[in-house]
Amino acid sequence: MSEKYEDQGSSQATMTPQTSASSLPPPEKPSAIQTRFRVVAAFWAVILFLGLPIWWKTTSIYRAELPLQEMLDWAGGKSCRPVFPVEIRFEIPSLPDIEAQQLLRTTQHTLDDLNEFSAHHLRLKLADEEAQQAIEKADTALTVRLLAQDDLASPRSELQTDSTTLNVFYPPSQIPPPASANSPLSSFIAGELQRLFAEEKATVAHILSNNAVGAFTPSSNSQAQQISPQLAESITKRLRRSMKYSETYHLAFSLFTPGSAPSSWDIESAVQDYISPIVQALSPVSNFIIDTQVQLYATFSPTTPAPEYDETQGIWTLKEENLSAFINAAEWPLNPSIGTGPTINFILYVPSPEHFPLLVKESKATSWIIPQWGGVFILNPPLPTRPDPNTDTDTDTTTAKPLSNPPHLPRTSLRPAFLTFSHQLLSLLGTPSTPASLPLRLQTLIRIRAATLLLSASSTLGSLARLTESLPSIPIPAPVAFSVSTTLSHLSASCESLRNGRFQDALASARVAETEAERSFFEKSMVGQVYFPDEHKVAVYLPLLGPIGVPLVLGLLKEVRRIVVGWKGARSA
Amino acid sequence: MTTIFLFALLVSALSAASAASNYHESLNLQPFPPSSLLASFNFKSNTTQTSFEKQHFQYFPRALGQILQHANTRELHLRFTTGRWDSESWGSRPWDGAKEGGTGVELWAWIDAQDDETAFAKWITLTQSLSGLFCASLNFIDSTRTTRPVASFEPAGDHIGSENLHLLHGTLPGEVVCTENLTPFLKLLPCKGKAGVASLLDGHKLFDAAWQSMSIDVRPVCAGTDCLVQIDQTVDIVLDIDRSKRSRANPIPRPVPGDKLDCDTSKPYHARDTCYPQENPGEKAWSITELFGRSISGSCPLADSQGSDGTVCLRIAPEREVRPSPESVETRSSDEFTRCFTPPPSTAFDLAVSEHKIQSTVPLDEPVLYAERTIVGHGQERGGMRIIFDNPSSSKAVDFIYFETLPWFLRPYIHTLQATITGLDGVRRQVRTSEIIKETFYRPGIDRERGTQLELGLSVPPGSRVTLNYDFEKAILRYTEYPPDANRGFNVAPAVIKVSSPEAGRPIYLRTTSLLLPLPTPDFSMPYNVIILTSTVIALTFGSIFNLLVRRFVTAEEASALRAQTLKGRLGGKIVALRDKVRGKSSKVE
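Sequence lines, in order, name chains A and B. Heads up: the first sequence runs through residues -7 to 565, numbered per the working numbering. Heads up: the second sequence runs through residues 3 to 592, numbered per the working numbering.
To be clear, the hints were calculated from the coordinates, so they are not data collected in a lab. Be aware that one or more of the hints could be misleading.
So the derived list for chain A, only partly shown, Cβ under 8 Å to chain B, looks like this [unchecked claim]:
1) Ser255
2) Phe280
3) Ile282
4) Ser484
5) Gly547
The model shown is predicted, which means the values in this text are computed figures rather than measured ones. Ideal Cβ placement from N, Cα and C applies to all residues, glycine included.
Bound-form chain A, shown alone (with noise of 0.2 Å):
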């Protein structure tokens, strides 16, 4: 530099001070200002097309594509409306076809009149119509069996506990004649119908109008009129208690008791009697693993209130304002069981022989629900003869020797305890308290399930979408998208079997979408990387960009100038 400097000025070293002070350097030569055209151009070339890139390329996350429009009609329940076409056979081995087909079809006709909610609906079909649509079969709710019986004055119906099978009794003499529209005996079987279904459609209705979908239910409001307000908030109740649904439910049941006594119990019986039973008939719902623990000296948290004592009636009670606080969570070993699926929990709870016998203040209950998390069961073991509270006196230390509890606990006092248990799993799995027919209830259950569960993947979907608009920063995995578009499949998968009354496969669609939906909420690489604030993208830019961008943005303008300058000299020249 300093070389060169002195060229140029040896150069000019002719000249006398006092005349160059003035005088102006020769103008550039077109060749050094087109070297410094190009010099510039390199640079700001290598900037754009070379730096400008592999900058973009290195600090870019990757975002798959999502197909937000359709995951956000998901959400807003504009892509797929919940119908369940109910299927109800009817044998009618004593009529006619012809007959039995006018009687259905008036009872049909009835029904549909009754129907308020078009989202459920009853379908009824004769039992030989099967063998035509040996295809597209949908699951049968119910089976209506017509059994003419003499003796009656009107029809007469009876639901069997253990089947879905509904035997109705008539006189044969109300047998519809072929013209007439309506009849005593279709009025009534339609109302047996109505009143069969009446919770399960009171329950979908609320399920779909809770869940923001409800736009498309214009006839949930009358549907809400229809039903009564106390089977209104039993169904809230039973929806809020209910656990989250699984594929694998764990039933823990524990035995707790503030002593050493009792420390076994014959829980292998109990559970094979009481639950197991329960539990097959679930699993097409769910599968079930059992375990049990026997838990001594389990003592109340300090800060839970001690049962008082009922002078009037010699009991011990707990007010049931107190009963959140009865499970000692920090002390009690009730974690989760190990593996997949929610754990369900049931606790047998025996209280200490001086706190006999301890019941919920209010209701004189032993029992009670703990929402989505189990059921607490007070046994109070029979004590061996307990001393006469009159004749107690100090003196008598006989009698005064603390009594205890039995040691073992035999399959008969456990039965209250576990029949309890099973009404409660039943409830805590959200099955409906009508009809009395239990596999006529699993049914319901499982479309209730595969309401909720399709509802519950589409709102996931929306809040991904929701998500990953609001978030520009956030990488999203290809997983991600691939999940997406399975949940996606399976969601329209599971809506078609719901309209086609195929309820089994809808609920396992449902549930294949809804835990991809839920794998593609909580995919870790997204979580990560949310937050990469902007103070240290500045930190690590800045003492790199600002020395090189002035000079290079200087000289950039200077070169604009110049082509400016020239290009308007040559303009007006």
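Given chain A's structure and the hints, the job is docking chain B onto it.
Relative to the frame of chain A, chain B by itself:
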């Protein structure tokens, strides 16, 4: 003697345990003169294999049982240890060292799996779950800390029909064992530490001990075809009697006042301000309440005490006076030193032991081997390992397996392995390693994947001291691989020594202390410095090159003429002129 005594208890407990689900607990106390006390707690419960598989848990803890089933683990050994066993003054280890681990956490398990990968996956599941259960960092046992020992461990249970058992072993030498590990340990007990000897276990006293070890062993025990799953929990602690007796009101150690010092008054220079300490002060008096801060609250009603003499056993000199609480039953065993007590079922139990001037002492068992391992050398780049084995016996040679796992950043040079031997004559000489080392299993480490595993079958001649030496190189870690306290050094897991003793049947285990390896640590503000420095250098060179290329070079005069043409130059010139005028220097302008 201690070991035989404990072993006898173990055997008697085993024979009682053969029937079905049951529970057994015991506490053994043995004072070590002058002022230490070994307390060995043992809790053992069983469940039948069938109810274990059906997940009906009665005495067996459900949480642990489920983890074992989920991870296909057939046998589990978990150790939490702090401190160092002082074998010079305490003799041989309790339970023959079978129920202790190296400093920190040690875990080994036999896992049933088809192949190595499945076994490792199950092992990771196991460590993750146990980590949650015991509030320990067991989840940090990854592939670099996992080894598959070949000769150092044998299954303790009866594994019938399990062909594909894989042994995996992991250590966390840096783990600090504390109350948060004791609480889950106590929760596994049927009586929860609320009744029985477990009521003495309190974190304040337990972790104040000079040495403590908690162990959990789960193994199948089979008699014929009917099998039991047995969980065996032990807590061994060596308490400093003086330290433990310090009252809670005055927990800070202060110098003893002059008049309370125990002085030898027979010395001629003994005066008010000079004191010669008593040489043999004898053993101090103590009681359970004084040492543990509480008494034993009854006995656990589930424990079946049949087949053993009592729950609380004491091993002291026969003439020493012991005052147990009333209502307890005392049994003296055939061994003259051992007394056992059965605490009353529901009332508190205490035990007071009188002061004892040394007349007769309980003989201490001499360990079969002393082992010591240290890091030698200096500098940041290289180092050396020195392992010293001492055979105290003058007649018998000791054969043992030496097993060590080294982290991958410590790269040993096995060709530098040298052995020296100091015989009975006290002469130190170099020997060929093949004279000492009978067999070698060496699995070199892979950077960031697995550590080095070294198992040596050694034999030390009677009365000799063998020193092994080898050199190693320290690796330089990546920036993110350093822990937050990098300058503290890196823990190297203790070595495990398995002495096979034909007479006892079971092997005796010893462990060396863990080591601290200083590694070269960088300056951790480095990345930012690098960014700033490189940016500055690049900016400087870039700026000059760019300016060289695009600037036009003119003379200084031409430059000022050029500047005069521009608006800025003219303005500047006028300002200068104005200033000069004001200062009366206008004549000098041009």
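Hints versus structure:
The restraint placing Ser255/A at the interface with chain B holds, with a minimum CB-CB distance near 6 Å, inside the 8 Å limit. Of the supplied interface hints, the one on Phe280/A is violated, with its beta-carbon coming no nearer than about 12 Å to a beta-carbon of chain B, more than 8 Å. Because the beta carbon of Ile282/A sits about 7 Å from the nearest beta carbon in chain B, less than 8 Å, this interface hint is met. Checking Ser484/A against chain B by beta carbon gives a least distance of about 36 Å; that is not within 8 Å, so the hint is violated.
Taking 8 Å as the C-beta contact cut-off toward chain B, the hint placing Gly547/A at the interface holds, the least distance being around 5 Å.
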